[in-house]
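Chemist: Listed here are the chains, written in short residue letters.
There are 2 protein chains.
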Amino acid sequence: MSPKATATKQDTKAALLQAGMDLMMEKGYTNTGINDVLNTLGIPKGSFYHHFDSKENYAVEIIRYFDAAAVEMLTRTLKNSNQTPLNRIRTFCEEKKAKLASQSCSRGCLVGNLSQEMSDQSEVLRLELSRVMTNWQNIVAECIKEGQKIKEIKGDRTAHQLAELFYSGWSGAVLRAKTLKSIEPIDTFIDLMLNDVLKA
Amino acid sequence: MSPKATATKQDTKAALLQAGMDLMMEKGYTNTGINDVLNTLGIPKGSFYHHFDSKENYAVEIIRYFDAAAVEMLTRTLKNSNQTPLNRIRTFCEEKKAKLASQSCSRGCLVGNLSQEMSDQSEVLRLELSRVMTNWQNIVAECIKEGQKIKEIKGDRTAHQLAELFYSGWSGAVLRAKTLKSIEPIDTFIDLMLNDVLKA
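Protein chains in written order, with the working numbering: chain A, 1 to 200; chain B, 1 to 200.
Looking at chain A on its own, in the form it has when it is part of the complex (with noise of 0.2 Å):
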């Protein structure tokens, strides 16, 4: 195959992943139709078949270039060498609330979204969810063993129980937004998260 033909197959398949993904995070699983992609892109439905063998597996893909993201992002501000690890932990939280209230709190994070509807009803996305959920657990764990060197975050708690906490309260807050439309969970889990629970 020519590399042109090659970079082409390549740009298509992370054009159905980018067009799959904004439209799961949007509708969640079972209402985004591969049709619908497809029109969308103006892609044909052989195209789609040869990059993934269903819809499932499509999904697996998606949340895997939803993860790269996430975790880049994760990389950039949680092992950010220039600032504490208790002040990494605020940059993450608010570059996270700028991006949800530029959305008007819609959408949220498309790992939480496919948990709340899939991990009942596939166990593949189930396994691929937990896998990321506690990669990302474990990034923010790493922090918080960091600040708890250097005595910035509590040290009466392992980092994983605290990360555990930190990951539940983001979730539930993100949810909770995403209902009521209004950013204030967010801005009261950051408050109490960062200046009292993970405070020493």
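In short, the hints are calculated from the structure, not lab data.
Worth double-checking, as some hints may not be accurate.
Identical chains share a label here; the pair holds if one copy fits it or two copies do between them.
Claimed, not checked - The list that follows gives simulated cross-link-like pairs (lysine-lysine, DSSO-like), each with its CA atoms no further than 27 Å apart: (1) LYS99 - LYS13; (2) LYS96 - LYS79; (3) LYS181 - LYS55; (4) LYS96 - LYS151; (5) LYS199 - LYS96; (6) LYS181 - LYS149; (7) LYS154 - LYS79; (8) LYS145 - LYS181; (9) LYS79 - LYS151; (10) LYS27 - LYS97; (11) LYS199 - LYS145; (12) LYS151 - LYS199; (13) LYS145 - LYS13.
Since the structure of chain A is provided, determine the placement of chain B on it from the hints.
Modeler: Showing chain B alone in chain A's frame:
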């Protein structure tokens, strides 16, 4: 209409609400077909449309039906004057945890599930879900306020803020338990929230 006919009508409506609630809890709004509900119950379509004018309106009534039981449980645990406020919150969490564990961490909470799925899809459902969430949070806040009065719960934050963090953390922990198919996020939430975050 005879009293018997009225009773039967009310029975039919209650059966429709219960069956719809079970299905929506398990499969979400989109994946629940009215025909599935009717087939399960052996009720004709006309009878459904006698009680509900649309699927959206049906879901609103299902949310209210779910809410009535939830408020009963919240009131029974969080207004139980035989326990201190912090212990009431612990009882609430432990009862909910036992239920989730008995369902192998599936289903979760109807209001959380529908919020995630439908907040951006139906303004009618979003408003109903917001109303329910806010009412639940207010019941928690009242209990926290009582705990603050007797200095059992930290007083450096408003009861409203603490209730908001509690609710976000709880919703997120349920979501994560459902995805990981593990009760651990709930255990960590109960431990940290009850023994650290709220405790005076």
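Chemist: If the cutoff is 27 Å on CA atoms, where do LYS27 and LYS97 land: within, between, both or neither? Let me know, please.
Modeler: within (21 Å within a copy, 30 Å between copies)
Chemist: Taking 27 Å as the upper bound on the Cα-Cα distance, should LYS181 and LYS55 be classified as within, between, both, or neither?
Modeler: between (30 Å within a copy, 23 Å between copies)
Chemist: Could you figure out if LYS79 and LYS151 sit no more than 27 Å apart (CA to CA) within one copy, between two copies, both or neither?
Modeler: This pair counts as within: shortest intra-copy Cα distance 17 Å, inter-copy 39 Å.
Chemist: With identical chains treated as interchangeable, where does the CA-CA distance between LYS151 and LYS199 reach 27 Å or less: within a copy, between copies, both, or neither?
Modeler: Answer is both; intra-copy 9 Å and inter-copy 22 Å each pass.
Chemist: I want to check one pair: LYS99 and LYS13. Are their C-alpha atoms no more than 27 Å apart within a copy, between two copies, both, or neither?
Modeler: For LYS99 and LYS13, only the intra-copy Cα distance (26 Å) is at most 27 Å; the inter-copy one is 43 Å.
Chemist: Taking 27 Å as the upper bound on the Cα-Cα distance, should LYS199 and LYS145 be classified as within, between, both, or neither?
Modeler: For LYS199 and LYS145, both the intra-copy (13 Å) and inter-copy (24 Å) Cα distances are at most 27 Å.
Chemist: How do LYS154 and LYS79 come out at 27 Å by Cα distance, when the copy is not named: within, between, both, or neither?
Modeler: Classified as within: same-chain Cα gap 19 Å, cross-chain 33 Å, threshold 27 Å.
Chemist: How do LYS181 and LYS149 come out at 27 Å by Cα distance, when the copy is not named: within, between, both, or neither?
Modeler: neither (38 Å within a copy, 32 Å between copies)
Chemist: Within a copy, between copies, both or neither: where do LYS96 and LYS79 come within 27 Å Cα-Cα?
Modeler: Result: close within a single copy only, 16 Å intra versus 37 Å inter.
Chemist: When no copy is named, should LYS96 and LYS151 be tagged within, between, both, or neither for a Cα gap of at most 27 Å?
Modeler: within (26 Å within a copy, 35 Å between copies)
Chemist: When no copy is named, should LYS199 and LYS96 be tagged within, between, both, or neither for a Cα gap of at most 27 Å?
Modeler: Intra 20 Å, inter 29 Å, cutoff 27 Å: intra-copy only.
Chemist: Between copies, within a copy, both or neither: which fits LYS145 and LYS181 at Cα up to 27 Å?
Modeler: between (34 Å within a copy, 26 Å between copies)
Of the hints listed earlier, those the structure fails to meet are numbers 6 and 13, in rising order.
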